[in-house]
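With chain U's structure known, arrange chain A on it following the hints.
Protein chains in written order, with the numbering used here: chain U, 764 to 983; chain A, 764 to 983.
Check each hint, because a few of them may be wrong.
[Claimed, not checked] Okay, derived cross-link-like pairs now, DSS-like style, lysine-lysine, Cα gap no bigger than 27 Å in a straight line:
{"no.": "1", "chain 1": "A", "residue 1": "948", "chain 2": "U", "residue 2": "948"}
{"no.": "2", "chain 1": "A", "residue 1": "883", "chain 2": "U", "residue 2": "883"}
{"no.": "3", "chain 1": "A", "residue 1": "883", "chain 2": "A", "residue 2": "948"}
{"no.": "4", "chain 1": "U", "residue 1": "948", "chain 2": "U", "residue 2": "883"}
{"no.": "5", "chain 1": "A", "residue 1": "948", "chain 2": "U", "residue 2": "883"}
[Unchecked claim] Counterexamples of contact, computed for chain U against chain A with all Cβ distances above 10 Å:
{"no.": "6", "residue": "799"}
{"no.": "7", "residue": "817"}
{"no.": "8", "residue": "893"}
{"no.": "9", "residue": "913"}
{"no.": "10", "residue": "963"}
{"no.": "11", "residue": "983"}
[To be verified] Under 7 Å between C-beta atoms, here's a sample of chain U residues computed to sit facing chain A:
{"no.": "12", "residue": "836"}
{"no.": "13", "residue": "844"}
{"no.": "14", "residue": "848"}
{"no.": "15", "residue": "863"}
{"no.": "16", "residue": "871"}
{"no.": "17", "residue": "914"}
Hints in this document: simulated from the structure, not taken from any laboratory. Glycine included, every Cβ here is placed at the ideal spot set by N, Cα and C.
There are 2 protein chains.
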Amino acid sequence: MSNPPAYELFAFWRTSATYRVRVALALKGLTAHEHIVNLDAGEQRSPEFLRINPLAAIPALVEPGHPPLTQSLAILEFLDEQHPSPPLLPADAHGRARVRSIALMLAADTHPLITPRVRKYLTTTGGFDDAGWRAWQQQWFGTGLQAVEQRLAGDPATGLFCHGDQPGLADISLASIAAVMQVFKISVEGTPTVDAIVARCNQIDAFAHAAPALQVGAPG
Amino acid sequence: MSNPPAYELFAFWRTSATYRVRVALALKGLTAHEHIVNLDAGEQRSPEFLRINPLAAIPALVEPGHPPLTQSLAILEFLDEQHPSPPLLPADAHGRARVRSIALMLAADTHPLITPRVRKYLTTTGGFDDAGWRAWQQQWFGTGLQAVEQRLAGDPATGLFCHGDQPGLADISLASIAAVMQVFKISVEGTPTVDAIVARCNQIDAFAHAAPALQVGAPG
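Same shape as in the complex, but just chain U (with noise of 0.2 Å):
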């Protein structure tokens, strides 16, 4: 691509949020300029980068000239806005409203418990030993994909991807978890419709691209 990036990506390697923002770029054909936040470094919780996301928390996008967006769902959806082609959502109601729930159920009620304020408080006012954050991982990781699983499978709706044949919205938020838990290193059985669509997933350039490991500031 040779058109100068639109946006400005706040990023970091590891995260499965900026992790969503990076596949739904690339799948739309954008490109984004990204400057690193790293939250080992707590540079999240830096008076510059409060100014961008007073929840301290990445990824934020920039458009020149606007605010910045933060939240990789509303990110997301903000793209899909401005950028139709090819669709994150399907073109029903319902139909969106099943993805969205699919991408909610990882998005929203898994991967918030194993961010790294999370597991700051745990392992100090906590009192959790490493072995102690890595049950709370496994607990939560397992559940929201046992959960999905369940859903995914069997519905009719379901195809190659969480709904239908092309990959969207739910398949992003999927395929998010999923990389992050190969960075943990935490795997979940007994999920082979999932595993299924993630290994899709990663056959597609704007997937297997968004990897942690290709990503600036990844450990070698």
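Quick look at chain A alone, frame taken from chain U:
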């Protein structure tokens, strides 16, 4: 209203996510027949309810002839698409992104941390006593509300409500958090913009009538 309810709602008196759906239905002049899922009795984990939502969480909205819809924000988007007046989202894409982001700061990055399943884990496996659980609630309600305060205060897009002068998706999410904080007797200091918006919400019938204490099953 003399029309029969258009929807069935699986609900519990106390929960923040059910509150959001109750307010949205009422703002749009819609009614739902409620089925109580007693979270304190573990009814969300019954085989019958797991067929409705494998994540064992409420609310679920059922429109006759369609599969159950889950995840409060997906339900609110659905209701807004099917019943556009009054709108829950602004007319412009940047405004919609801002409103969705504020809603997600609360419904995704705050509320999932204080749900019954998290409480169950922390107070058993996690070893938290009552004071530890209360400190955890305080931590995440405080983090979420203070971040929303920073986002709203001084932003020209903020009006009498989170975005302009009409209540919408962000206000419903904000009031839903305030409503359960009241149930749990948690308060957060230093959030005057948030407090003023919540007070305005509570002057509107659709919000006032959704108060947890007024629902079937609430303690007398």
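Against the structure, the hints:
For a cut-off of 27 Å, the pair hint linking residue 948 (chain A) to residue 948 (chain U) is broken: about 39 Å separates their Cα positions. A threshold of 27 Å between alpha carbons decides the hint, and for residue 883 (chain A) with residue 883 (chain U) the separation of about 20 Å falls inside it, so the pair holds. This hinted pair checks out: residue 883 (chain A) and residue 948 (chain A) have alpha carbons roughly 19 Å apart, not beyond 27 Å. Taking the CA atoms of residue 948 (chain U) and residue 883 (chain U), the gap is near 19 Å; set against the 27 Å cutoff, the hint holds.
Distance hint between residue 948 (chain A) and residue 883 (chain U) is fulfilled; the C-alpha atoms sit about 25 Å from each other, no more than 27 Å. At roughly 21 Å from the closest C-beta of chain A, the C-beta of residue 799 (chain U) stays outside 10 Å, upholding its exclusion from the interface. A beta-carbon of chain A comes within 10 Å of the beta-carbon of residue 817 (chain U); the shortest separation is about 3 Å. With 10 Å as the threshold on Cβ separation, the claim that residue 893 (chain U) sits away from chain A holds: the shortest Cβ distance comes to roughly 15 Å.
Against the 10 Å criterion, residue 913 (chain U) falls within the reach of chain A, whose nearest CB is about 3 Å from its own CB. With a closest Cβ-Cβ approach of about 22 Å to chain A, residue 963 (chain U) is found to remain outside the 10 Å limit, as its non-interface label requires. Distance check on residue 983 (chain U): its Cβ is at least 31 Å (rounded) from any Cβ of chain A, clearing the 10 Å threshold; non-interface status holds. Interface restraint check: residue 836 (chain U) against chain A, minimum CB-CB distance 6 Å, threshold 7 Å, status holds.
Taken as an interface hint, residue 844 (chain U) checks out: its beta carbon lies about 5 Å from the nearest beta carbon of chain A, inside 7 Å. Violation of the interface hint for residue 848 (chain U) is found here, the shortest Cβ-Cβ separation to chain A being roughly 16 Å, above the 7 Å cut-off. Taking 7 Å as the C-beta contact cut-off toward chain A, the hint placing residue 863 (chain U) at the interface holds, the least distance being around 4 Å. Here the hint on residue 871 (chain U) is kept, as its CB sits about 4 Å from the closest CB of chain A, short of 7 Å.
The interface hint given for residue 914 (chain U) is met, as the beta carbon of that residue sits about 6 Å from the closest beta carbon of chain A, less than 7 Å.
Of the hints listed earlier, those the structure fails to meet are numbers 1, 7, 9, 14, in rising order.
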